[in-house]
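K.L.:
Here are the chains, one letter per residue:
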Amino acid sequence: MNALEIRDLVKRFGGLTATNDLSFDLAQGESLGLIGPNGAGKTTVFSQIMGELRQTSGTITFMGEEISTLSTPDRIAKGVSRTYQVPRPFTDLSVRENIRVGLMPDSLRAMIFGTGDTAREGEIAQSVGFATADLDRPASELAMGDLRKLEFARTLATGAKVLLLDEVFAGLTTGEIAMIAELIQDLRQRGFTFLMVSHDLPAMEPLIDRAIAIERGTLLANGSFKEVLADHAVRASYLGEA
Amino acid sequence: MNLRPHHFLLWAAFIALMFAMPQFVGNGTLRTMIFACYLAIFAISWDILSGRTGYISFGHPFLVGIGAYTTAILTRRYGFPVEASIPLAVLFTMIGGLIVLLPALRIKGSYFALVTLAVMELMYQLVPVVRPDLTGGTRGISRLPALTRGAENGYYLAAGLMLAIALFAWLLMRTRLGTALWAIGMNEESVRGSGLSTTRLKSFAFLVSAAIAGLGGAFYAHYLGTITPRAFFDINVLFQIIVAVLIGGAGTILGPIIGAFFMVFMLEWLRPFLPGQERFFVYGLIALLLYMYQPKGIMAIIDSGWAKLRGART
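For the record, the sequence lines run as chains A and B. All residue numbers for the first sequence refer to the numbering used here, where the first residue is 671 and numbers rise by one. All residue numbers for the second sequence refer to the numbering used here, where the first residue is 55 and numbers rise by one.
Keep in mind that the hints were calculated from the coordinates and are not lab data. Each hint should be verified, as a subset may be incorrect.
[Claimed, not checked] Derived, one-sided and incomplete: chain A residues facing chain B with beta-carbon distance under 7 Å:
#: 1; residue: I746
#: 2; residue: A747
#: 3; residue: S764
#: 4; residue: E767
#: 5; residue: M774
#: 6; residue: D776
#: 7; residue: M781
#: 8; residue: R824
[What the hints assert, rightly or not] Here are the simulated SDA-like cross-link-like pairs (lysine to any residue), alpha carbons at most 20 Å apart as the crow flies:
#: 9; chain 1: B; residue 1: K362; chain 2: A; residue 2: D806
#: 10; chain 1: A; residue 1: K748; chain 2: A; residue 2: D776
#: 11; chain 1: B; residue 1: K162; chain 2: A; residue 2: D879
#: 12; chain 1: A; residue 1: K831; chain 2: A; residue 2: D856
#: 13; chain 1: B; residue 1: K162; chain 2: B; residue 2: S251
#: 14; chain 1: B; residue 1: K350; chain 2: A; residue 2: S764
#: 15; chain 1: A; residue 1: K748; chain 2: A; residue 2: P775
#: 16; chain 1: B; residue 1: K350; chain 2: A; residue 2: L763
#: 17; chain 1: B; residue 1: K350; chain 2: A; residue 2: P808
#: 18; chain 1: B; residue 1: K350; chain 2: A; residue 2: E811
#: 19; chain 1: A; residue 1: K831; chain 2: A; residue 2: S741
#: 20; chain 1: A; residue 1: K831; chain 2: A; residue 2: Q698
#: 21; chain 1: A; residue 1: K748; chain 2: A; residue 2: T731
#: 22; chain 1: A; residue 1: K896; chain 2: A; residue 2: P876
#: 23; chain 1: B; residue 1: K162; chain 2: B; residue 2: I110
#: 24; chain 1: A; residue 1: K831; chain 2: A; residue 2: A851
#: 25; chain 1: B; residue 1: K350; chain 2: A; residue 2: S810
#: 26; chain 1: B; residue 1: K362; chain 2: A; residue 2: R807
#: 27; chain 1: A; residue 1: K896; chain 2: A; residue 2: G910
#: 28; chain 1: B; residue 1: K162; chain 2: A; residue 2: G699
#: 29; chain 1: B; residue 1: K162; chain 2: B; residue 2: G239
#: 30; chain 1: A; residue 1: K831; chain 2: A; residue 2: D879
#: 31; chain 1: B; residue 1: K350; chain 2: B; residue 2: A361
#: 32; chain 1: B; residue 1: K362; chain 2: B; residue 2: Q348
#: 33; chain 1: A; residue 1: K831; chain 2: A; residue 2: G699
#: 34; chain 1: B; residue 1: K350; chain 2: A; residue 2: T761
#: 35; chain 1: A; residue 1: K748; chain 2: B; residue 2: K362
#: 36; chain 1: B; residue 1: K350; chain 2: A; residue 2: D762
#: 37; chain 1: A; residue 1: K748; chain 2: A; residue 2: E700
#: 38; chain 1: A; residue 1: K748; chain 2: A; residue 2: D695
#: 39; chain 1: B; residue 1: K362; chain 2: A; residue 2: P808
#: 40; chain 1: B; residue 1: K362; chain 2: B; residue 2: L342
These numbers were taken from a predicted model, which means no experiment stands behind them. Idealized CB from N, CA, C, for every residue including glycine.
Same shape as in the complex, but just chain A:
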């Protein structure tokens, strides 16, 4: 069973077609790169998978169950979650509290009367590379690399097994890129499934099993990273070659 099946996905904003009859699969445990030039519609695809944008037509199936009409929290409860191009931490909350939000059940009763799992908060923080001393640091004090780690931690805390990573290396130093790449490799070995977008192709290449390329929301190529980059249409649109 595939983790994700996207079928005939279309998203129109008035006269603009951002996603154009797009179909692809993501197998369980697979890491798939989604590439394309700026404005190709990569983030729009993510937003539709997460239910932040409702597709004009087409279906999204997660682990064999259609989730096209579910709300974002319901999709996350099924096990799919995303990170954003620009990290969105809760700046006045500590690292621990940021992770706590991801761990919270979507139930008022449980939020009020339930007890938190501080040990689990610490485990998740450590699993993405935070030291114990970092747990009580406010997110506003973190560098970009640590903010990326924090976003990973909060995403993992939701219980997601399929992670959508949007421009995961944006704004990072060389050292931070290596740190995040190592974290992704570690998560791959632990069985997580990835769909990732990055303009840093050399950094992304070792982290993916396969790639798809889109332009103006239309699928251009689907195959191994090398095959996709060698595709004539991809080279024309993405690399500007005639």
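Position chain B against the provided structure of chain A, taking the given hints into account.
P.N.:
Relative to chain A, chain B alone:
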């Protein structure tokens, strides 16, 4: 919930201090403190919604007014005992707020603020003309049954109510729900992206906020004995509530209380020197300077002073 013994000790000391007040101050000061206690209740109510989630409500006087008018109408027009009219006032405030203001929670930022402001102004215009036989029109409703006699008893009631509400809000905000509300104020999309229904969370915060506003409004109406539309559905009431929170410190429990007492007592202290409306100008200037110095309010000044003190000791 991470409660520690010193939390309860601090609360016990605060409660003891509040209840010892009548031994040290006269009836005039007590009456000022009663008003400060009710303003603090309204400020806590506002802070639970707006201070936490960032949805700035300009319609809180509307909620306070529903509570006040409901208990006034029920007791004076229908002969209800206050034991029944006050709980019904809370219920009516929650329902009224739910119907009128809750849909506004779907819109954000200044649009939410403007819709809530419009609702309050609408109430001010409607109350005098719709069923004036019930609302008393522009004259309002007078001779409401008093809950207590004398300044001291009135103070104990107001202070007790304020402390009970503050303690309830403090305990609620220390739960994971409090953290989630706080997180909404910082980044609502990220809260949704963490798998939480923000509509449900905001609705709950709104209902709690409305219940406290209605409860405070009902008790305040019985303390005043007379209510008029201008005493509740008024922009000045709104500003008093918001300024109290901002001066004291939004997103805290003690902040709105400190802000309310600071505001009320400063206006009283200025009265002998500036008996006219000009004292509001001086007061506004002081509030502005304080806000410029520390936008997070007096609580942040206290916190940083406390942190420095602890740092100096270690």
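K.L.:
It remains to establish, for every hint, whether it holds in the given structure.
P.N.:
These are the hints, each one checked on the structure:
1. The interface hint given for I746 (chain A) holds, since its Cβ lies 4 Å from the closest Cβ of chain B, which is under the 7 Å cut-off.
2. Evaluation of the A747 (chain A) hint against chain B yields a held restraint, the C-beta minimum of about 6 Å falling below 7 Å.
3. For S764 (chain A), the interface hint is violated, since its Cβ never comes within 7 Å of a Cβ in chain B; the closest pair sits about 10 Å apart.
4. A least Cβ separation of about 6 Å between E767 (chain A) and chain B falls short of the 7 Å threshold, and the interface hint therefore holds.
5. Interface hint at M774 (chain A): satisfied, since its Cβ lies 5 Å from the closest Cβ of chain B, which is below the 7 Å cut-off.
6. Hint status for D776 (chain A) relative to chain B: holds, with the closest Cβ pair at about 5 Å, below 7 Å.
7. Because the beta carbon of M781 (chain A) sits about 4 Å from the nearest beta carbon in chain B, less than 7 Å, this interface hint is met.
8. Taken as an interface hint, R824 (chain A) checks out: its beta carbon lies about 6 Å from the nearest beta carbon of chain B, inside 7 Å.
9. A hinted pair counts as satisfied when its Cα atoms are at most 20 Å apart, and K362 (chain B) with D806 (chain A) qualifies at roughly 19 Å.
10. With a CA separation close to 12 Å, the supplied pair K748 (chain A) and D776 (chain A) stays within the 20 Å bound.
11. A C-alpha spacing of about 42 Å is found between K162 (chain B) and D879 (chain A), which places the hinted pair above 20 Å, so the restraint is violated.
12. Between K831 (chain A) and D856 (chain A) the alpha-carbon distance is near 13 Å, which keeps this suggested pair within the 20 Å criterion.
13. Straight-line distance between C-alpha atoms of K162 (chain B) and S251 (chain B) comes to about 16 Å, which keeps the hinted pair within the 20 Å bound.
14. Between the alpha carbons of K350 (chain B) and S764 (chain A) the distance comes to roughly 18 Å, so the proposed pair stays at or under 20 Å and holds.
15. Of the pairs offered as hints, the one joining K748 (chain A) and P775 (chain A) holds, with about 13 Å between alpha carbons and a cut-off of 20 Å not exceeded.
16. With a C-alpha separation of about 15 Å, the suggested pairing of K350 (chain B) with L763 (chain A) holds against the 20 Å cut-off.
17. Among the hinted pairs, K350 (chain B) with P808 (chain A) is consistent with the structure: their alpha-carbon atoms are about 16 Å apart, no more than 20 Å.
18. Straight-line distance between C-alpha atoms of K350 (chain B) and E811 (chain A) comes to about 18 Å, which keeps the hinted pair within the 20 Å bound.
19. Of the supplied pair hints, the one linking K831 (chain A) and S741 (chain A) holds, its CA atoms being roughly 18 Å apart against a limit of 20 Å.
20. Annotation: proposed proximity of K831 (chain A) to Q698 (chain A) holds, straight-line Cα distance about 9 Å (limit 20 Å).
21. A hinted pair counts as satisfied when its Cα atoms are at most 20 Å apart, and K748 (chain A) with T731 (chain A) qualifies at roughly 11 Å.
22. Annotation: proposed proximity of K896 (chain A) to P876 (chain A) holds, straight-line Cα distance about 11 Å (limit 20 Å).
23. A distance of roughly 9 Å separates the Cα atoms of K162 (chain B) and I110 (chain B); the hinted pair therefore holds under the 20 Å criterion.
24. Using a Cα cut-off of 20 Å, the hinted pair K831 (chain A) and A851 (chain A) holds, with the two alpha carbons roughly 18 Å apart.
25. This hinted pair checks out: K350 (chain B) and S810 (chain A) have alpha carbons roughly 16 Å apart, not beyond 20 Å.
26. At most 20 Å may separate the alpha-carbon atoms for a hinted pair to count; K362 (chain B) and R807 (chain A) meet this at roughly 18 Å.
27. For the hint pairing K896 (chain A) with G910 (chain A), the CA-to-CA distance comes to about 17 Å; that is within 20 Å, so the pair holds.
28. Proposed proximity of K162 (chain B) and G699 (chain A) is contradicted: the alpha carbons are some 39 Å apart, above 20 Å.
29. Between K162 (chain B) and G239 (chain B) the CA atoms are separated by roughly 11 Å; this keeps the pair inside 20 Å, and the hint holds.
30. The suggested pairing of K831 (chain A) with D879 (chain A) holds, with an alpha-carbon distance near 17 Å, which does not exceed 20 Å.
31. Simply put, K350 (chain B) and A361 (chain B) have alpha-carbon atoms about 16 Å apart, close enough for the 20 Å limit, and the pair holds.
32. A C-alpha spacing of about 16 Å is found between K362 (chain B) and Q348 (chain B), which places the hinted pair at or below 20 Å, so the restraint holds.
33. A C-alpha spacing of about 9 Å is found between K831 (chain A) and G699 (chain A), which places the hinted pair at or below 20 Å, so the restraint holds.
34. Annotation: proposed proximity of K350 (chain B) to T761 (chain A) holds, straight-line Cα distance about 15 Å (limit 20 Å).
35. Between K748 (chain A) and K362 (chain B) the CA atoms are separated by roughly 47 Å; this puts the pair beyond 20 Å, and the hint is violated.
36. The straight-line distance between the Cα atoms of K350 (chain B) and D762 (chain A) is roughly 12 Å, inside the 20 Å bound, and the hint therefore holds.
37. Between the alpha carbons of K748 (chain A) and E700 (chain A) the distance comes to roughly 18 Å, so the proposed pair stays at or under 20 Å and holds.
38. Pair hint K748 (chain A) plus D695 (chain A) holds up; C-alpha atoms about 17 Å apart against a cutoff of 20 Å.
39. Restraint check for K362 (chain B) and P808 (chain A): satisfied, since their Cα atoms lie roughly 19 Å apart, inside the 20 Å limit.
40. With a C-alpha separation of about 25 Å, the suggested pairing of K362 (chain B) with L342 (chain B) is violated against the 20 Å cut-off.
The structure shown violates the earlier hints numbered 3, 11, 28, 35 and 40.
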